[in-house]
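Trainee: Using the working numbering, the letters of the sequence shown correspond one by one to residues 1 to 62.
Hint data in this document are derived by calculation from the structure and do not stem from the laboratory. All residues carry an ideal CB built from backbone N, CA and C; glycine is no exception. Don't take each hint at face value.
[To be verified] Distance ranges between label pairs, derived from CB positions:
id	residue 1	residue 2	range
1	44	8	49 to 59 Å
2	27	53	32 to 42 Å
3	61	41	20 to 30 Å
4	7	48	41 to 51 Å
5	53	20	41 to 51 Å
6	48	28	28 to 38 Å
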Amino acid sequence: MASRAKVSEIATKFEAAEPTLSDIKKWKERLIGIWMAFTAIGFLLGAIASYFWKWLAAKFGG
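My request is simple: use the sequences and hints to build the entire structure.
Mentor: Take a look at the structure:
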């Protein structure tokens, strides 16, 4: 069973680590946003390429 001193010590360590944890959360959110943007750009480029090839096939392929 944990003593009050140990619980207090652990709480102090978590309070000291709070700026680091908040920085990690901020960067995680930024990286998720960047990943979502790259995914959307990839889908958009794929759709553009698909329509381009369909246009070429309709124009020259008959």
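Trainee: Does each hint fit the structure? Answer for all of them.
Mentor: We went through each hint and held it up to the structure:
1. 44 to 8: 49 to 59 Å: Between residue 44 and residue 8, where Cβ atoms are some 54 Å apart, the hint holds.
2. 27 to 53: 32 to 42 Å: The hint (32 to 42 Å, Cβ to Cβ) holds, given that residue 27 and residue 53 are roughly 39 Å apart.
3. 61 to 41: 20 to 30 Å: At roughly 29 Å between Cβ atoms, residue 41 and residue 61 fall inside 20 to 30 Å, so the hint holds.
4. 7 to 48: 41 to 51 Å: Taking Cβ atoms as reference, residue 7 and residue 48 lie about 58 Å apart, which means the hint is violated.
5. 53 to 20: 41 to 51 Å: At roughly 49 Å between Cβ atoms, residue 20 and residue 53 fall inside 41 to 51 Å, so the hint holds.
6. 48 to 28: 28 to 38 Å: Between residue 48 and residue 28, where Cβ atoms are some 31 Å apart, the hint holds.
Consistency with the previously given hints fails for number 4 only.
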